[in-house]
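**Student:** Going down the list, the protein sequences come from chains A and B.
Just so you know, the UniProt record's numbering puts 227 at position 227 of the first sequence, and the rest follows in order with no gaps.
Just so you know, the UniProt record's numbering puts 333 at position 333 of the second sequence, and the rest follows in order with no gaps.
Note that these hints are calculated values from the structure, not bench results.
Just so you know, not all the hints are guaranteed correct.
[What the hints assert, rightly or not] Calculated pairs, DSS-like style, for lysine-lysine (alpha carbon to alpha carbon, straight line, at most 25 Å):
hint, chain 1, residue 1, chain 2, residue 2
1, B, Lys-29, A, Lys-81
2, A, Lys-6, B, Lys-29
3, B, Lys-81, A, Lys-29
4, B, Lys-81, A, Lys-11
Given next are the chains, with one letter for each unit.
There are 2 protein chains.
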Amino acid sequence: MHKQNKLPISKVASAVEPFHVMKLLGEAKALEAEGREMIHLEIGEPDFPSLDCVHQAVTDAINHGNTHYTPTLGLPALREKLSRFYHDFYHADVAAQRIVMTPGASGALHLLLTALLNPSDKVMMCDPTYPCNREFVNLLHGEVLSVPVEASTGFQLTAELIELHWQPGIKAVMVASPSNPTGTLIEQPELLAMANFLSEQGAYLIVDEIYQGLVYERAAETILANANLPDNVVVINSFSKFFGMTGWRLGWIVAPEFLIPALDKLAQNLYLAAPTPSQYGALRVLESDALAALEQRRQIFEQRRNRLYDAMMSAGFKIPCKPAGAFYLYWDVSELTDDAEAFCQTLMLHTGVVVTPGKDFGEYRSRQHVRIAYTTGDNELLEAVRKIQSFINNDG
Amino acid sequence: MHKQNKLPISKVASAVEPFHVMKLLGEAKALEAEGREMIHLEIGEPDFPSLDCVHQAVTDAINHGNTHYTPTLGLPALREKLSRFYHDFYHADVAAQRIVMTPGASGALHLLLTALLNPSDKVMMCDPTYPCNREFVNLLHGEVLSVPVEASTGFQLTAELIELHWQPGIKAVMVASPSNPTGTLIEQPELLAMANFLSEQGAYLIVDEIYQGLVYERAAETILANANLPDNVVVINSFSKFFGMTGWRLGWIVAPEFLIPALDKLAQNLYLAAPTPSQYGALRVLESDALAALEQRRQIFEQRRNRLYDAMMSAGFKIPCKPAGAFYLYWDVSELTDDAEAFCQTLMLHTGVVVTPGKDFGEYRSRQHVRIAYTTGDNELLEAVRKIQSFINNDG
Chain A
1 MHKQNKLPIS KVASAVEPFH VMKLLGEAKA LEAEGREMIH LEIGEPDFPS LDCVHQAVTD
61 AINHGNTHYT PTLGLPALRE KLSRFYHDFY HADVAAQRIV MTPGASGALH LLLTALLNPS
121 DKVMMCDPTY PCNREFVNLL HGEVLSVPVE ASTGFQLTAE LIELHWQPGI KAVMVASPSN
181 PTGTLIEQPE LLAMANFLSE QGAYLIVDEI YQGLVYERAA ETILANANLP DNVVVINSFS
241 KFFGMTGWRL GWIVAPEFLI PALDKLAQNL YLAAPTPSQY GALRVLESDA LAALEQRRQI
301 FEQRRNRLYD AMMSAGFKIP CKPAGAFYLY WDVSELTDDA EAFCQTLMLH TGVVVTPGKD
361 FGEYRSRQHV RIAYTTGDNE LLEAVRKIQS FINNDG
Chain B
1 MHKQNKLPIS KVASAVEPFH VMKLLGEAKA LEAEGREMIH LEIGEPDFPS LDCVHQAVTD
61 AINHGNTHYT PTLGLPALRE KLSRFYHDFY HADVAAQRIV MTPGASGALH LLLTALLNPS
121 DKVMMCDPTY PCNREFVNLL HGEVLSVPVE ASTGFQLTAE LIELHWQPGI KAVMVASPSN
181 PTGTLIEQPE LLAMANFLSE QGAYLIVDEI YQGLVYERAA ETILANANLP DNVVVINSFS
241 KFFGMTGWRL GWIVAPEFLI PALDKLAQNL YLAAPTPSQY GALRVLESDA LAALEQRRQI
301 FEQRRNRLYD AMMSAGFKIP CKPAGAFYLY WDVSELTDDA EAFCQTLMLH TGVVVTPGKD
361 FGEYRSRQHV RIAYTTGDNE LLEAVRKIQS FINNDG
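Starting from the given sequences, assemble the full structure and let the hints guide the process.
**Tutor:** Right, dumping it as structure tokens:
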């Protein structure tokens with residue numbers, strides 16, 4: 001049966017890293033099947049379902065027969081509405097024709113990088129980062145240039161770091177604000193400095209704003225609101241996180257106008273069009289009453305962040321950067337272990353708490369970090385901290 | 001604004017062929033906006049919306065909060081149900097764990113080829129063929145080996161042709177039954193002979209069964225029902241065509257078991273999971289009452305095929321192969337023009353009938369062929385033939 005020698009798979013497929021947390025999750029699910037209670041703090045997905053008004057809008061749309069393909073770039077009304085959303089909420093001028101609807105932000109990242117990268121082109125990104133970014137570049141036979149980042153820069157690239165690590169052949173730099181796994185932001189002047197430096201080099205700045213909207217103690221932002229932004233900036237976004245529409249698989253790209261024809265042609269081949277019902281749902285979720293409901297959810301995430309962060313700090317744990325966005329804490333476990341993956345597994349077996357080892361996000365000091373997702377209720381979060389604390393006290 | 005010299009796009013993006021019919025379609029829409037009546041015979045999409053019972057099932061699922069990510073390989077219940085569907089309707093033993101849910105058949109083709117191809121690997125396919133197949137191979141820096149096919153083989157590859165054109169470095173051969181643009185089938189003994197020959201060569205056979213179910217005057221088939229099938233066969237399928245769920249963007253792969261871990265890892269990165277509501281809709285569309293409703297639609301397509309084919313033949317037009325499946329006629333216009341693209345444009349301007357020039361499907365005799373899609377009602381089809389006939393008589 002197993003003829004892998006005779007029927008080989010591609011080198012890129014062999015080389016793709018699995019999500020290491022999936023192994024833990026598999027074991028956790030086996031334990032749950034045996035009746036063990038687990039607390040899941042590894043899940044990068046809001047625990048809320050999408051909004052009722054979205055469900056109603058989708059129901060209406062499909063009952064009206066809106067189940068055919070949309071144009072490849074997306075439903076014109078949705079691209080228009082996103083354009084107005086940028087205007088009304090971010091005071092950003094984003095023409096509808098610069099917006100491309102995609103099957104999730106995954107589809108957006110893959111489409112965009114396919115449009116930009118030749119084999120051997122280099123893409124700079126920080127370490128730790130969202131793991132798929134590396135894989136997308138690898139799949140396109142590009143070269144990932146990982147720049148280790150420290151808590152001192154909020155685990156983010158800076159214009160200075162980009163300049164310091166600059167080398168020929170870099171086609172694009174990828175940043176995320178807020179970031180997964182650290183929840184940290186990049187300030188707008190810093191982003192603008194990056195964009196300007198990269199523009200001089202003839203390189204793109206790709207800004208992942210997937211967690212836009214999920215920020216705490218400050219207003220949500222977009223790089224697109226900056227005046228005099230050079231035309232090398234591309235933004236990736238998603239209806240999954242703030243808008244709570246994960247399973248609907250809908251994201252978007254805001255690209256400079258000259259990229260749109262290439263994105264259109266490529267998207268015709270790669271995915272034809274984003275899911276139609278999801279696009280009707282997204283039209284509804286941009287209405288003000290829906291946005292108000294999402295604001296209440298944002299406040300719940302903020303409260304969770306505060307409680308979890310406070311509990312972790314009170315327990316004497318090290319969170320070098322209090323996250324200002326997303327729904328993650330990046331926990332420095334260097335005082336507890338130098339093998340975060342083994343630590344996560346022991347922790348899961350002894351306490352039932354599932355967290356994600358740093359290894360999923362990079363190499364640099366990844367054995368000393370763990371990502372905690374606060375995508376579950378307050379009580380479970382606090383219970384998890386108590387269990388972790390008790391485990392460590394007994395273990396130490 | 002337009003800094004393409006400074007900010008280049010990738011070579012693959014520059015090289016991607018647009019769908020040539022899109023230019024015609026743009027002009028047709030402009031004419032429609034001016035009040036002109038057009039008949040659209042270029043659309044590769046059933047004109048029916050998805051079934052009401054699908055809409056109800058989706059509504060129920062989303063109202064029950066089923067809007068989160070599914071596992072990457074798909075909803076386990078749906079993979080199980082497809083496995084039973086293969087058993088009950090095709091007498092094919094297809095284990096659920098061999099089935100991978102994908103965002104449309106586009107997502108399936110792209111995922112699969114990413115798992116198989118290294119740069120410079122060759123993929124054999126016939127000319128004419130579904131145009132995206134060539135582009136997927138190009139995007140992965142593979143090499144397309146196009147084999148011209150004639151009406152004498154039903155515009156399909158045969159085991160003999162594959163052997164005749166065989167050369168080192170071929171990783172896979174792609175066939176489609178029924179085929180787009182010709183609507184022709186490949187008989188099962190022929191497919192089995194291909195699979196066996198390719199298995200000896202250590203190469204894959206990729207069988208596009210996207211139009212499975214839409215066949216006329218015979219029963220629908222799958223290569224997977226063949227006993228003693230070697231393990232180099234991968235099947236691509238879709239809920240878009242027979243199941244009428246285009247905008248839902250849901251397809252699937254049936255792969256040999258040894259490919260599943262690679263497909264899983266790649267899919268985690270490329271698209272994370274197929275749309276959740278669509279997967280709940282698909283669960284419903286595989287129920288027997290839904291399948292009965294789809295059978296009625298199949299009969300409508302069959303009736304359209306018969307009327308359109310008869311009308312074209314009566315008008316003296318040349319359809320070398322009466323199609324046994326899909327919803328296309330491949331019209332040989334060599335007696336009328338040696339520039340099918342110009343012919344399609346003139347036809348559209350003079351008659352309002354929009355058809356697809358052969359150029360969209362390949363090079364070989366593509367200037368002498370036109371694809372007609374019968375994805376519109378009988379009356380429009382017959383009206384279109386009358387208009388074409390009258391145009392040609394006056395023009396000649």
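**Student:** What hints, given by number in increasing order, does this structure fail?
**Tutor:** 2, 4
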